Amino acid sequence: MKPVFMTYTKKDLTNLAVCMVLSVLVIPNFITTEYWYTSILIPWLCLALATIGQQVVMGYTGQLALGAAGFMAAGAFAMFNLILRVPDLGFVGSLIVSGLIAAAFGILFGLPSLKVRGIYLMVATLASQFFIIWMIDKFGWFKNYDSSGIITAQDIVILGKPFTTPLAMYFVCLAVTTVLTLLAMNMARGSTGRNWMAVRDMDIAAESMGVSLLKTKVQAFAISAFYCGVAGALFAFCYLKSLEPVAFDIKLSFKILFMCILGGLGTINGAFIGAAFILLFPVLLNSVGNNVFHGAIDATIISSIEQVIFGGLMIIFMIYEPLGMAKLWENLKISLKSKLSSSGIKNTKSSVQKSE
Amino acid sequence: MVDELLFFMEVLVGGLLAGTMYSLVALGFVLIFKASATFNFSQGAMVFFSVLAFCGFMQDFNIPFVLAFILAALLMVVVGLCTERLVLRPLMNASEDTVLMATIGLGYVLEGLAQAAWGVEVRRLDLGIGDFPVPWIADNLKLFISALDIFAGLVAALMIIGLSLLFKFTKIGLGLRAVADDAGAASSIGIPLKHIMLLVWSAAGVVALVAGCMWGARAGVQFALVDLALKALPVLIIGGFSSIPGAIIGGLIIGATEKVLEVYIGPFFGGAIEGWAPYVLAIFFLLYRPEGLFGEKIIRRV
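Chains A and B are the protein sequences, given in the same order. Using numbering that gives the first Met the number 0, the final residue of the first sequence is 355, and nothing's skipped along the way. Using numbering that gives the first Met the number 0, the final residue of the second sequence is 301, and nothing's skipped along the way.
If we strip away everything but chain A, and leave its shape as in the complex, we get:
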């Protein structure tokens, strides 16, 4: 396809326009219940951002990592301390710096990836998960010596204006997610992404072709942790509105891993699809439990069933479509398109016969 504007094709631009119209004009005008913003849209955007971070390291660079929640915690608590101790930085400045702090952790714990891969790397990244949470928990400075264990997040103030209503917070999340998603797409399509994918597909071959493993892997871990850090800060400030290390435990890491894999490894839109699925499915299941069975099924049973279904889907996708839901969506689009244009194909066939 021919690029229309810079390197973007017409399709990219229409996709962007549709997404922007939907998220900026349609959603704020049609969705008025606070529940949708506070419980679905805001966490969706935050977790999708974290999943993009996971995509960078796992989907694009092929390194099995399982520490996303640790980096999110690093970002969240960095944000808290920056706003508390360096108020001049402002919200956006703090957000960027907390992302960078998370990235520093990413580099540190990504270093083992130079020597090991697969499950070995997973264990190394588990160290980051447990270490970061422990560090925040044990050193009072990070929590400003708060003994209650749960700290209330400061209000978001950008350029003197408070952003405290659910709708305003939604716009904050939306703006950050949009900018970072576009950036991620650019990186994934450019030489950076090519290097990541070369390392993913065969690292030894990539190295012999002159791709620096050190640079590529460390870069991927840093960028991944940056995304997770920013996502963690948003998650704490816009969704949880509080900070506690327990919120970022290994379960959240697994959740993000599931979003990444079920959504589709190595795709950016897969991050959004996966996050939406993992978030919405339990809501759906609960409402089925309440409305169809009228609470006859215990809530713990429902959450167990949810776990079984997530696990089962993971296995099914690994067997039948390792590229996840993004690929299913792609296939659906192609089959729809071919059905729509099947009449057109008949026409061309008849014209071919005529020319013969």
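Since the hints were derived computationally from the structure, they do not count as laboratory data. Just so you know, these numbers come straight off a predicted model, no measurement behind them. Ideal Cβ placement from N, Cα and C applies to all residues, glycine included. Where hints are given, some of them may not hold.
[To be verified] For each label pair, taking beta carbons as the anchor points, the in silico distance ranges come out as:
hint : chain 1 : residue 1 : chain 2 : residue 2 : range
1    : B       : Ile69     : A       : Lys338    : 14 to 24 Å
2    : B       : Asp59     : A       : Leu327    : 37 to 47 Å
3    : A       : Ser38     : B       : Glu95     : 32 to 42 Å
4    : B       : Ser186    : A       : Asp200    : 21 to 31 Å
5    : A       : Thr151    : B       : Gly269    : 21 to 31 Å
6    : A       : Leu181    : B       : Glu95     : 54 to 64 Å
[Unchecked claim] Here are some chain A residues the structure puts well away from chain B; computed CB gaps all over 12 Å:
hint : residue
7    : Leu65
8    : Val96
9    : Met313
Got chain A sorted already, so can you dock chain B onto it with the hints?
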């Protein structure tokens, strides 16, 4: 001075014995890895699933101890059968990472099923062996060592000896090693791949049940067992994924270091460093000896 030394010995021995508990979990991983080069992430979930089933049989249906154990073991064979049929066979030619992710999914399924069937509350498991110091050792050696720890150590030793002998000297063991080396070549000379997989997953299930009994008797049968089982991963990295003796040595190293660090260095940092110390130890091992102490050297080609 003598008191200090005695205290150190007590910490060390306690750590070593606690380490055998990790070894028991790690053993299940090794069994499957050795026979199929598959990393089974769901081993922790299998520990939880099997021991919860065991408790469920005993406490909900009032089945006697031995019969309940046999039933739970049979259940693990069924789990192994289903896993082989529904997960592993369709993924026969998939890459290692794909199979690994599928086993993460399998772990979720097992955890969910266990909780749906037997509830989420913590259950007590009484093996008839108390988790308190043995009086004889306390009197004569002045060391306080739990009877449960000693029992777990003995069980681990027995299982490891038994499994090592099985792998080394029986025809089945030879078949297992052949399949691990090259599944395609092994099946082409007539080794029944299906049976081997079934056997190995059932064995791993039974090992998980034994490990679960030990952990359950100590900490109660609860969901936290799954997280505890994660600690078997650093054990494997230190010992090597394909070595049965490695699993026990790795467990001992992790158990001892963890306890010694916790007691002597932990207080300076506010404690609870045993949550991450094993993983950091594993990272250092990875940097110097990625294949572990007893693992086979990994050679990768383009």
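Query - A/Thr151 versus B/Gly269 beta-carbon gap, inside 21 to 31 Å or not - result: 23 Å, holds
Query raised in the report: Can we trust that A/Met313 is non-interface, i.e. its beta-carbon lies farther than 12 Å from all of chain B?
Result: At about 3 Å from chain B, A/Met313 fails to clear the 12 Å cut-off, so the statement is violated.
Query raised in the report: Range hint 54 to 64 Å: satisfied by the CB atoms of A/Leu181 and B/Glu95?
Result: Given a distance of about 34 Å, which is not inside 54 to 64 Å, the answer is violated.
Report task. Given the range 21 to 31 Å, decide if the beta-carbon distance of B/Ser186 to A/Asp200 lies inside it. Result -> Since B/Ser186 and A/Asp200 have Cβ atoms about 28 Å apart, the given range 21 to 31 Å holds.
Query raised in the report: Cβ-Cβ distance between B/Ile69 and A/Lys338: within 14 to 24 Å?
Result: 57 Å, violated
Query raised in the report: Once the closest CB in chain B is found, is it more than 12 Å from A/Val96?
Result: Since the minimum Cβ distance to chain B is about 25 Å, A/Val96 lies beyond 12 Å and the statement holds.
Requested in this report: Grab the minimum beta-carbon distance between A/Leu65 and chain B and tell me whether it stays above 12 Å.
Outcome: 9 Å, violated
Query raised in the report: Regarding A/Ser38 and B/Glu95, is the given constraint of 32 to 42 Å on their beta-carbon distance met?
Result: 38 Å, holds
Report task. Can you let me know if the beta-carbon spacing of B/Asp59 and A/Leu327 is within 37 to 47 Å? Result -> Holds, at about 41 Å.
Violated hints for the displayed structure, listed by number in ascending order: 1, 6, 7 and 9.
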